[in-house]
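Participant: One line per chain: the protein sequences are U and R, in this order. With the numbering used here as the guide, the letters of the first sequence map in order to residues 1 to 563. With the numbering used here as the guide, the letters of the second sequence map in order to residues 564 to 1255.
Everything labelled a hint here was simulated from the structure, so no lab data went into it. Among these hints, one or two may not hold up.
Each computed PhoX-like pair below joins lysine-lysine, with the alpha-carbon atoms no more than 25 angstroms apart [unchecked claim]:
| id | chain 1 | residue 1 | chain 2 | residue 2 |
| --- | --- | --- | --- | --- |
| 1 | U | Lys166 | R | Lys1080 |
| 2 | U | Lys510 | R | Lys772 |
| 3 | U | Lys166 | U | Lys64 |
| 4 | R | Lys1033 | R | Lys986 |
| 5 | R | Lys1080 | U | Lys510 |
| 6 | U | Lys162 | R | Lys1080 |
| 7 | R | Lys583 | R | Lys1080 |
| 8 | R | Lys596 | R | Lys1214 |
| 9 | R | Lys925 | R | Lys986 |
| 10 | R | Lys772 | U | Lys508 |
| 11 | R | Lys1080 | U | Lys508 |
| 12 | U | Lys510 | R | Lys1033 |
| 13 | U | Lys510 | U | Lys162 |
Facing chain R, a subset of chain U residues (Cβ under 8 angstroms, in silico) [what the hints assert, rightly or not]:
| id | residue |
| --- | --- |
| 14 | Ala410 |
| 15 | Val413 |
| 16 | Ala545 |
Every residue, glycine too, gets a C-beta built ideally from N, C-alpha and C.
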Amino acid sequence: MTTLDIIQIILFFALLIGLTPVLGNYMYKVFTGSKHFMMSAFGWLEKLTYKIIKVNPDEETNWKSYTFSLIMFNLVGFVFVFLIQLFQAQLPLNPANLPNVSWHSAFNTAVSFMSNTNWQGYAGETTLSYFVQMMGLTVQNFVSAATGIAVLIALIRGISRKTTDKLGNFWTDLTRSTLYVLLPLSILFAIVLTGQGVVQNFNSYETVQTIEGASQVLPMGPAASQIAIKQLGTNGGGFFNANSAHPFENPTPFSNFLEMLAILLIPAALTYTYGKMVGSTRQGWTIFTAMTILLIAGLSISLYAEYSANPVFGHLPLMEGKESRFGITNSVLWSTVTTAASNGSVNAMHDSLSPLAGLVAMLNIMLGEIIFGGVGAGLYGMVIFIILTVFIAGLMVGRSPEYLGKKIEAFEVQMAIIAILAPSFVILLFSAWASVTQAGLSSLNNAGPHGFSEILYAYSSAAGNNGSAFAGLNANTLFYNLTLGIGMLIGRFGVIIPVLAIAGNMAKKKVTPSSAGTFRTDNWLFIGLLISVILIVGGLTFFPALSLGPIIEHLIMNSGINF
Amino acid sequence: MSTKQNTGLFNKKLFFQAAKDSIAKLNPALLSKNPVIFIVAIGSVLTTIIVFTGIFTGSFSSFNLQIAIWLWFTVLFANFSEAIAEGRGKAQADSLRKNRTQTKARKLSGTVEISILATDLKKGDIVICETGDIIPSDGEVIEGIASVDEAAITGESAPVIRESGGDRSAVTGGTKVLSDRILIRITTEPGNTFIDRMIALVEGAKRQKTPNEIALSILLSGLSIIFLLAVVTLPAFFGYSLSASGLPMSQNLTIPVLIALLVCLIPTTIGGLLSAIGISGMDRLIQRNVIATSGRAVEAAGDVDVLLLDKTGTITLGNRMATDFIPSEGITVEELADAAQLSSLSDETPEGRSIVILAKEKFNIRGREVHQLNATFIPFTAQTRMSGVDYKSEDGKPHQIRKGSSQAIQSFILNNNGFYPQKIQETVTELARQGATPLVVAEDNRILGVIHLKDIVKGGIKQRFAELRKMGIRTVMITGDNPLTAAAIAAEAGVDDFMAEATPEDKLRRIREEQAKGHLVGMIGDGTNDAPALAQADIGIAMNSGTQAAREAGNMVDLDSNPTKLIEVVEVGKQLLMTRGALTTFSIANDVAKYFAIIPAIAITLYSGKNGIGPLSALNIMHLGSPQSAILSAVIFNAIIIILLVPLALKGVRYRPVSANTALIRNLLIFGLGGIIAPFIGIKLIDILINL
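Here chain R stands alone, though its shape is the one from the complex:
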């Protein structure tokens, strides 16, 4: 999927589409899903009816008309915020849909190949794909190996390898085979493929309210009912006050004024923006190339407080690097470095290259051309478990240099009638204890020394973990290394805990233990053996490169297959919850100012003397121009603030990795205190404009 496309708020096409959609969303069936906005809509209808009856009975009021117009705008702005959030998802869905062409599938029926429509494929069917074929549906490679272009879903143009068995067997419908031939067993029913689900998710078509969203909706509806009570009882209290001040009942509050008061008090800001916040949270994940199977998962990500992280790829670079040469007795370090470099010149593995670089940096031994030395490179194989070179020295004598694990070199040297010194064995043991990998170098029948290969911890990862700790998240490193090695790396990376020699069962057990203690656990995995742990974890992110089993088990898929994604996913979850809380606080804090605008305005005549200005005008601390302009200003502010906050709802509040307390103080100052002050300024400004 292309994530680079312009999905900004000011994309013209999106904007107009959203404007159109916000009118379509006036459909009562859709509106009723959002109780707060539904109340506003009912108010708008009532006010409009009153305006029109006013026209026919000759008591037309332009004030009522303006109220009606702004109430409608309040509803439309709320609809617009939802429409624009959905629109951004739709744009992404459209680009996905282009890839889901009506392909033909080459189904294997027994041994006969038949051509059917991809959409007719059933779970369990077997299809053939060859160079140039689009893979018709999700499935698992059961035979062969192929390079596949997955740009359709990942946006990444570099092809990936998919092969039967192992952890890279899953293929996705809509991706394209670039070379070779594979047999695929279809694993999903039609209409439920990965791309189908992605489209549904980004479009928000199947969007269900998440648990926290439901709770928040209940709160907002509850507050609306409370304020509804306050407003419907007001005419009775007002009537009492009118008769007590000797004023006629005809001066009692009109329905448009009551509706205006109600709409200003109920939490329309958050009510209008709530679904936009939810949709855009999902959207932010998609922009990071992570697909969540439900909104619930995104929310849970914010709550995760234990992360299980694989050492390789997440914490370390995944490759070991040579950091030192330790020569054997009677050998100079230069001799060792020279031999080590020679044996690694054609070694394209990262370890091999790091040896060449170390020799060059430390001893200034320049790289040489292997073929000039008449040397042949002996690559590493699983059988020999060593690599090296065979070359002829200037006197024409053949030599063999080998580097490898101490066991492999030991048998190599014994075969050559050499001697394996005790001292070397001690060095090897010592290095292993430090968490390093010792690589023994031998030439012919003598041991030259040991290369110190070290796991390199990713730059900046320690700081990242410190940030996570500040946020209250504990990190656990998972590794197959022995406990000594694991401990050394854990200390260097600054993780809180580690699991050495971890089997999939260990992982599962660990997750259960943490959950029993009340923690929420997040993990990322790829292999089939990760599937149980992914399913057990509260947030299980499967790498897209992983097996189908892993992808089914997790509740998110990372299209980039990047293990550090887990941390970003947690951040997106937290940001989503923060945005909701911030705008709720803002919305509720707004009420203070609105009271000070509306109450003095509606009650100005009560107990008034001859000048018609009653004592409650003392509450008009904003010195608003007239009662009518005060009410109108409050209603206008209430509508406009929704549209002004749309960008914030879509982008989310700024997220920083800080402790809960620091985040709270910051957000409270901006959205709590700001929420009290902003409407005072806003309403006053609008009032000045109206009275110009």
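Bound conformation, chain U alone:
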């Protein structure tokens, strides 16, 4: 590692910390309905939206109605994306004349983009028309992210309100997060990216002569607009198959830096919004700190693994699968950030990461995508772990556990357990299924523990709504399209529904004023406790599986064998 590498990492975190309160405070204004400067730009559009969908923005609902609206909205989104893929050949904006998509691939992709996973079992430029990419995927990139934010905002209201059953209005939260947060940021970001050389057009694919005289097809399309939201909305679904390793998606080191920052921007800022809405920014910074520590720990392990001597290749750093334009530090920082944040976009092949760096990437996802995590989703997932931590450790101060004045009782614990169980269920059972059936094993391109890691990574990615892949696994098969699709659904709604139930139940409770006898959730001790619970409860479940994958691979590599 060079000094420049280190300076870049420090700059990255400094900017992240600096932007968190700025954007966080803005989002606080957006979601509490206070006045903010974007209202003059998009206020008319917000009012128009409510008129069209016939919603009274001030009419608040209980958690059941909130959840019902959310599920109906997502269901409609899914059906739409599913259908336009099945009939894309008959639909406009298809200059490459791409054929209709198979039903299981369409199912997988529709679920994937609706659930903010953006797992891509297909190759973008050779499978989907511009119409599907824009009307289907880009729209879902926005609204799936907005859905995540809406769930989080409802949860915050549940925590901060008292003795009410009202959690807010799903349509209002959805509209506001799209119009005031995701859209302006994406427009700004897309412009900057175009300036850096990301393509944005409706041209047909171009055929060019290479220097060697061969001809090559260069894919075109409205990439910048989709890339902006794929990064900001922790979506990660690339416009091109190579994702952010593709020069048209990620042309320069500067675009690379910004695209990485964009991944964490909103999830990080939401911790500040959280703190502000529950009445103590310290609570928000506590969560931010816990997330940052986990992120830096993972990053350090990955960097160490990548830079340290590889006994197989001698003493060269591992460059296989990495863009020489970005180098190791930027590839590892990206791989850590994208898995921590449920983004899933890649600028290097995770399949080629050293076993330990691959382990970190996988563990980031398995822990439940809570290290910043998906927009909204990461923080509400983190709150689930906070609830567990408060419940386990809170008893040790001699009071029945409470978080921010709200008692944590049987119902909350039950829902929190379901939210943790749902993704674990997918990762473990589906991976087990895939590793004993021909349908699962035939897709493998690699032998030994690495092949197993590929399967484990795929289901983790689906369950965690991450969307990145270890590649090396041919996932565009009936078996994988279906199981991964179902996994994404369970991983998404198996968490959202319990979270909203917790929000609804907590809103009804009284608030106990804090005193010296209160278990504090805003100090270093709590950060330490939270991290321990995340690692022990969230991580130990996967330890046996991980030891048969990346851990054993790392140990074997050290003895000179590679897969």
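Position chain R against the provided structure of chain U, taking the given hints into account.
Facilitator: Just chain R now, kept in the frame of chain U:
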């Protein structure tokens, strides 16, 4: 109830009874109430079946047998912890039962007295009790006054007075009338008397899981399911790895090994000890002579953050003490002290005695014999509101000394054609303002001066309140005194707030206000007028000496009728919750070490070279002897730790009045960090022993 009896863990009789009970508790219907232990039991059965089929198919494995044995021990140890906790309660219940003899009741039917069995008494019946009678059931004295021996329930041998009307009218079935005759109206249905309920409670027969216990059980079951997932999917992953390393499928994990792994990972320690912790929490209250009507109440006690405390008895000694003599104009302080002492020589009230002592200490005036002075003592009555002496001086002239409230003395002096000086009135007002009680002394027709009587705050109570404050508990003093007096005492005692001139309605309103702000309120009371407040409070402790109404309204009864009990009850509640949290943390933290024992052991052959030792053996950081001994050691540790922690579960973790943060750090170091380290040491030691 005798609380002094040996209920320790090492009481032989208890121990053997508990050992017997833990086998009886293998009944699946009982086991299924505890999901974590139920899983272990199923595992034990499966492993046992495999051992026996092994015998018949000729593939007997002594390793499997040892696993099976230790799994059974895990279940038995968990049962034992519950049995021994229940056993201690049963011992207490038995001693209670002895007092509930089959007494006959003298029921009054109209004006005729008939003899029926106590168990046939209905609510509303009226019975007669005379000297030597056992009171047949719970009730209220409606006529008469009697001294009653309540040792049966309180363990206190000194008799108490029970009389109709007022705040001391409740009597308890099973107690004995020592003198006089009373008429009692029965207030409970048969089988539901106080003693019946106490027996049921201490036996844990009607024990229901408390809210926090239910939540914790859900967490433990949830964790068990998560680990179950991790274990059932392992053979598939393992099979993949076997084929990838070119090993035969026959080497895949066996069911006993999987069960061993599962049992080590699920939180068996806390799962096994959970009910023992709950029962013993109740038990600790009973040892303090407090009966809670539900486990829920004990838990809520830990959450209480506002305490309403009666001034008298809790904060002050309940008696005022003389601290100063302030003479009237023209009178020396010695004269006043002398007269005051003389008037108090036969006054047996604490105030009177304190005057005698003050006079002796301050002016060295010795006590004299009243009858030598030919003096007659005039006791205090509600009508005169003063006391004093009539005596003849050496010249034979009769004199009257009186002490009492300024009003009473004023009318006394005016009757004697005396003069009540303005200066005295000012002193009286001033003393009242300071929170003291002024007692004016007069002789015949002149005022001698004022005795300064002061409320004495209990020693150490200020520190106690400071401790409570550290724990985040606010104290509110309740008193009938005027605001000035109340404020002065509140400041001296160091309470956070006070309510002066408090009526029962004020108390109720205050509790509601605090609850509306989200606080949990605890209070202790005795009178009928306390009943609404006791019912409203989150923790209402009724004094046993109080009325039946108060006892019904509260959710705890303090048999000692000691107002400071409230603080102890809060401590017991906190200790109960802490013990649960500490052992849960310990149990979960244990998993780290168990992984490092079992995973390398089961995966040692994977991707191995010729020597048969695969790369995962690098995780065997404890350097355990062999794969089999590693697994066995983990299982043995898992079983033994339950039995080792039984004393802690019964006694509760050490409780100290410190802030939440300090308590947390302390418990985390012991049970969190300790929970990670202990099994590393324990498993290694067991492994060494096995491989000897």
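Participant: Given a cut of 8 angstroms on the nearest C-beta pair, is the interface hint for U/Ala410 held or broken against chain R?
Facilitator: Constraint on U/Ala410 satisfied, holds at 4 angstroms.
Participant: If you take the shortest Cβ to Cβ gap from U/Val413 to chain R, is it below 8 angstroms?
Facilitator: With Cβ-Cβ at 5 angstroms, under 8 angstroms, it holds.
Participant: With a cut-off of 25 angstroms on the C-alpha distance, tell me whether R/Lys772 and U/Lys508 pass.
Facilitator: holds (23 angstroms)
Participant: Restraint: U/Ala545 near chain R, CB-CB cut 8 angstroms. Satisfied or not?
Facilitator: holds (6 angstroms)
Participant: Regarding the pair R/Lys583 and R/Lys1080, is the alpha-carbon distance no greater than 25 angstroms?
Facilitator: violated (50 angstroms)
Participant: Is it true that the CA of U/Lys510 sits at most 25 angstroms from the CA of U/Lys162?
Facilitator: holds (5 angstroms)
Participant: Between U/Lys510 and R/Lys772, does the CA-CA distance stay at or below 25 angstroms?
Facilitator: holds (23 angstroms)
Participant: Quick one, are U/Lys162 and R/Lys1080 close enough, alpha carbons at most 25 angstroms?
Facilitator: holds (11 angstroms)
Participant: Would you mind confirming whether the straight-line C-alpha gap from R/Lys596 to R/Lys1214 stays at or under 25 angstroms?
Facilitator: holds (24 angstroms)
Participant: Just to be careful, I want the Cα atoms of U/Lys510 and R/Lys1033 compared with a cutoff of 25 angstroms; is the pair within it?
Facilitator: holds (23 angstroms)
Participant: Can the restraint linking U/Lys166 and R/Lys1080 be considered satisfied, given a maximum Cα separation of 25 angstroms?
Facilitator: Roughly 20 angstroms between the alpha carbons, so the hint for U/Lys166 and R/Lys1080 holds.
Participant: For the pair supplied as a hint, U/Lys166 and U/Lys64, is the alpha-carbon distance within the 25 angstroms limit?
Facilitator: With a Cα-Cα distance of about 10 angstroms, the restraint between U/Lys166 and U/Lys64 holds, given a limit of 25 angstroms.
Of the hints listed earlier, those the structure fails to meet are numbers 4, 7, in rising order.
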